[in-house]
Amino acid sequence: MTPEAHQMIEHVVHLVRKPGLAIDENTALVSSGLIDSMALVDLLVKLEDLTHLRIPAGKVQPKDMDTVALMFATAERVGKPRK
Amino acid sequence: MIAAGFRTLIDALNAAPAQREFITSWIDEDERETVNFGEFRRRARQQAVLLRQYDVAVGDRVVIIMPQGIPAMTVFVGAMMLGAVPTFLAYPNFKVEPAKYRSGLAGVTSNLSACVVVIDEHFPDEMLGHVTLGEAELVRATDAATAEAGVELPDAGTDATSLAFLQHSAGTTGLQKGVALSHEAVLRQLQSLVQALQIDGAADRVYSWLPLYHDMGLIACFMLPLVCHMPVVMQSPLDWVMHPETMLQIISEYRCTLAWLPNFTFQFVPRRTPRERWRQYDLSSARALINCSEPVRAASMDEFYRSFAPIGLKREALQSSYAMAENVFAVTQSGINGRTGPAHLWADGRRFRCEHRVDPVAAETPEAVPLVSSGQLLPGNEVRILSDSGATCSDGQVGEILIRSNCLFDGYYNRPDLTAQAIVDGWYHSGDLGCCLDDELYVIGRKRDLLIIGGENIYPQDIEEIATSHPAIHDGRAVAMGLYNPDLGTEEIVLVAEVEREELLQNGAAIESEMRSQIVAGAGVAVRTIFLKPPKWIVKSTAGKPARAATRDKLLREHPELQQENPDS
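Heads up: the protein sequence lines correspond to chains A and B, in order.
The letter at position 53 of the first sequence is residue 573 when you use our numbering, and the numbering goes up by one with no holes.
The letter at position 389 of the second sequence is residue 449 when you use our numbering, and the numbering goes up by one with no holes.
FYI, nobody ran anything at the bench for these hints, they're computed from the structure.
Accuracy of the hints is not assured; some may be wrong.
Straight-line distance between alpha carbons at most 27 Å, and here's what the computed DSS-like set of lysine-lysine pairs gives [unchecked claim]:
| id | chain 1 | residue 1 | chain 2 | residue 2 |
| --- | --- | --- | --- | --- |
| 1 | A | K600 | A | K579 |
| 2 | A | K579 | B | K605 |
| 3 | B | K600 | A | K579 |
| 4 | A | K600 | A | K566 |
| 5 | B | K600 | A | K583 |
| 6 | B | K507 | B | K614 |
| 7 | A | K583 | B | K605 |
| 8 | B | K614 | B | K600 |
| 9 | A | K600 | A | K583 |
| 10 | B | K605 | A | K566 |
| 11 | B | K596 | B | K614 |
| 12 | A | K566 | B | K596 |
| 13 | B | K374 | B | K507 |
| 14 | A | K566 | B | K600 |
| 15 | B | K614 | A | K583 |
| 16 | A | K579 | B | K596 |
| 17 | A | K583 | B | K596 |
| 18 | A | K583 | A | K566 |
| 19 | A | K566 | A | K579 |
| 20 | B | K605 | B | K507 |
Starting from the given sequences, assemble the full structure and let the hints guide the process.
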């Protein structure tokens, strides 16, 4: 796992606030109801910070953010270098 | 450009100079597209040809569920070219709960009994099953590429009284209310705006991040530019909310002159743009940034002005307006009839709460309530303020705002029941509370949000504003509500507020006590209970504002002890 993915997992754990819950790169977050869809803007901003990319929000759907692995794949697919 | 010179919106579009810039769709620095009026007309005709292939004809409803952008706008106008009645519905985005989206969509598509539902190629499959099609056909907008060019469109026979489109009010309940508007109603409204704001299509340019399914986005930022042959630069609401700074960037780069913005934007942009970057921008081109769609807050306007005056923002550029889909758009506008901007006053706090009356006092008076007007009536509009007993209020007396105008809607589409509740004897009952004073309209809040505490009228927004001014509380994340206390026989105020960072909760008692004293000092009322919650706790609406009812429900679920005391819930 990359250090960025690790940091994202820590961020998700902080958002979910369920002590003892194990989250890895492939844990379903949105479809399982662990993450409120309103938290997704926050996750997207975090993803931009970690990848140093700019991610057009209009090109992202909830399913693209369902796991930490998918988030980084989405960033790679639609992200652009920051100016 | 005189909007009244046209019979229909399509006539107005056809009269636009082909080479004049129309819509710029801005994604980021290196992804944007601009179409001129000639190109827009060509694409809209292409969409009309496609829709005809699906037997779309005069009067048919066309539901458009596409991402914000030029393709969605060409489908909308293409439908109007056929005399059909288009409507935009919100596109599912990653912020919307699928379940909530589905239930809203199901109601609206069945009520409209649409002929076609137009979606884009990326429409999520998991949502498709929840679009109630009925007899409607599903059309993928990319099919337009296959439409034959040069095909003549039949004369739709559209006249001024024909229905032009439907627009929906915001929110889940709003989705059930399709506001039906004729070409003449829309053109009359635009005529008033052009006159009031002295719009010059060749010199002005609109900036917008507003969704097209909302009246501010559809009327002020799409129909107004279309009729005035004026350029508009727009971005998607989600892109803006993630990068609020882009508003400054776009206004600076394109020298935009006009924008309509809800009140929270005036705080959100300065607070979410790093201060060291403010100087990169230039707001000197802006001649009217119009605070619209929420009660106007003096503190928000002042913060925006203080922040950006050094980069060219003019005080007289900060304006206000009161608008709603049912009146096509605006009822009032500030800075007209020789006045330079919205009126500011301080109302006597005690009379405001106890007598429901705005009585101006000196700014430094204890408990004085700051109010900003939404401006003066646009030509062709009338307002009446109605008391609870049904009498017309005198100047300064707060009551429900009733509207009558030359562009008022005829009714909610297919909902005579809701129409009969909303329009009585030709007056539209807005559900908003406000008062008139010195020819200015002050909008104070929603009637149903009003808290009546021991006979005093308390506006939750006043308490929330004080609460969120505390440095430990997240901007805009506080909800005040009234909960019944059977021992006292009245409601008491309960406040829930999110702290900026979770660790601040350790210091909760001190924060709570500071907030209590600020609320007593500022609003003259005591809050029974304050609940401090971690970030992201408050339920937000799709528009990003705290959702009052849902937040109240959540609080009652987490604190059943409150529920027992609250027979209304």
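Going through the hints against the structure:
| no. | hint | verdict |
| --- | --- | --- |
| 1 | K600/A - K579/A | holds, 12 Å |
| 2 | K579/A - K605/B | holds, 23 Å |
| 3 | K600/B - K579/A | holds, 22 Å |
| 4 | K600/A - K566/A | holds, 15 Å |
| 5 | K600/B - K583/A | holds, 20 Å |
| 6 | K507/B - K614/B | holds, 22 Å |
| 7 | K583/A - K605/B | holds, 24 Å |
| 8 | K614/B - K600/B | holds, 12 Å |
| 9 | K600/A - K583/A | holds, 20 Å |
| 10 | K605/B - K566/A | holds, 21 Å |
| 11 | K596/B - K614/B | holds, 13 Å |
| 12 | K566/A - K596/B | holds, 15 Å |
| 13 | K374/B - K507/B | violated, 34 Å |
| 14 | K566/A - K600/B | holds, 20 Å |
| 15 | K614/B - K583/A | holds, 26 Å |
| 16 | K579/A - K596/B | holds, 23 Å |
| 17 | K583/A - K596/B | holds, 21 Å |
| 18 | K583/A - K566/A | holds, 17 Å |
| 19 | K566/A - K579/A | holds, 16 Å |
| 20 | K605/B - K507/B | holds, 18 Å |
Of the numbered hints stated above, the single one contradicted by the structure is hint 13.
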